[in-house]
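Q: Based on the provided sequences and hints, a complete structural model is requested.
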Amino acid sequence: MAALRILYFSWVRERIGMDEESVERPAPGTTVAALLDRLADTSPGHGEAFADRARLRAALDQTFVPLDTAIGDALELAVFPPVTGG
Amino acid sequence: MGAALSVRVTTADFDPGAELAALEALPGGAVASFTGLVRDDGGLEALHLDHYPSMTERQIEAIVAQAAARWPLLGVTVIHRHGTMKVGERIVFVGTASSHRVAALEACAFLIDWLKVSAPFWKQEIRRDGSRGWVEALRADDARAEKWKK
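Protein sequences, first through last, are from chains A and B. Terminal number for the first sequence in the working numbering: 87, no gaps in between. Terminal number for the second sequence in the working numbering: 145, no gaps in between.
Calculated from the structure, these hints are not laboratory results. Mixed in with the good hints, there may be bad ones.
Computed spacing ranges between beta-carbons, pair by pair [as the list claims (entries may be wrong)]:
1) A:Glu15 - B:His95: 43 to 49 angstroms
2) B:Pro22 - A:Arg6: 42 to 48 angstroms
3) A:Glu21 - B:Lys81: 26 to 32 angstroms
4) B:Gly37 - A:Leu76: 42 to 48 angstroms
5) A:Asp69 - B:Trp143: 21 to 27 angstroms
6) A:Ala28 - B:Val82: 48 to 54 angstroms
7) B:Ala135 - A:Ala28: 35 to 41 angstroms
8) B:His43 - A:Arg6: 20 to 26 angstroms
9) B:Asp36 - A:Met19: 27 to 33 angstroms
10) B:Arg34 - A:Pro27: 40 to 46 angstroms
Covered by chain A, per the in silico footprint, the following chain B stretches (three or more residues, Cβ under 8 angstroms) [to be verified]:
11) 39 to 49
12) 113 to 121
Keep in mind that this is a model prediction, so the values were computed, not measured. We put the CB at the ideal spot given by N, CA and C, even for glycine.
A: Shown next as structure tokens:
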């Protein structure tokens, strides 16, 4: 089973201290929020970045999703703050 | 008959005059545009724009497709820069061409409102004192984009 690639942007990337990481694929029913709970324990930076869920947004395979979405068979998860382009 | 749709995500500056001329060459008779620049808020040196490369163009193309489905457009050009831009530099261009001025104006406003809330870019302020800070998203921007759902 392929690993899950996780990308970080903006201050989420800065707090975690890396652009991306690869994790063992969670069970398909695992939600983005549940995976973030698990990752929050992997380093102080992860804990800080994921502390306030209201400030986080996510995308699965380059499509925006709410944090309570199941990861399913997605290959890429991205975690970032609300966008500020334009 | 497809409209001439062009989406570019680039670090390079662009020439709004040339972009407008290309839209004016279409047979519509109505062209509207918006150019966004780095605003000097007193103390700002530059903006750095981070983005999600594999998602950005796709996401902008989806917004452009929505505009093209909603209004009778002959052409749409969206250019969004990433990287570092100094105060006064151009960040974003939206241009629309149509046979109807209302379609051109409304589609242009729709596009920039939706780009702001759904294109994966993040702005970081680089201030003259050397400090940096990520720009917070504005609720007012969400509200403006939501209005187009009515």
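Q: Now tell me if each hint is right for this structure.
A: Taking the hints in turn, this is what the structure says about them:
Here the CB-CB span from Glu15 (chain A) to His95 (chain B) is close to 46 angstroms, well matched to the stated 43 to 49 angstroms. Look at Pro22 (chain B) against Arg6 (chain A): about 46 angstroms separates their beta carbons, and that is inside 42 to 48 angstroms. For the pair Glu21 (chain A) and Lys81 (chain B), the beta carbons lie near 29 angstroms from each other, so the given range of 26 to 32 angstroms is met. Taken as a hint, the range 42 to 48 angstroms holds for the pair Gly37 (chain B) and Leu76 (chain A), whose Cβ atoms sit roughly 45 angstroms apart.
Our hint of 21 to 27 angstroms for Asp69 (chain A) and Trp143 (chain B) holds, since their Cβ atoms are close to 26 angstroms apart. Against the hinted window of 48 to 54 angstroms, the Cβ-Cβ separation of Ala28 (chain A) and Val82 (chain B) comes to about 49 angstroms, which satisfies the hint. At about 40 angstroms, the beta-carbon gap between Ala135 (chain B) and Ala28 (chain A) stays in the expected band of 35 to 41 angstroms. A C-beta distance of roughly 24 angstroms is found between His43 (chain B) and Arg6 (chain A), which places it inside the suggested range of 20 to 26 angstroms.
With their beta carbons about 31 angstroms apart, Asp36 (chain B) and Met19 (chain A) fall inside the hinted range of 27 to 33 angstroms. Taking 40 to 46 angstroms as the suggested C-beta distance range, the pair Arg34 (chain B) and Pro27 (chain A) conforms, at roughly 43 angstroms. Counting residues of the segment 39 to 49 of chain B whose C-beta sits closer than 8 angstroms to any C-beta of chain A gives 5, which meets the bar of three, so the coverage hint holds. Evaluation of the coverage hint for the segment 113 to 121 of chain B: fulfilled, as 7 residues show C-beta separations to chain A shorter than 8 angstroms, against a requirement of three.
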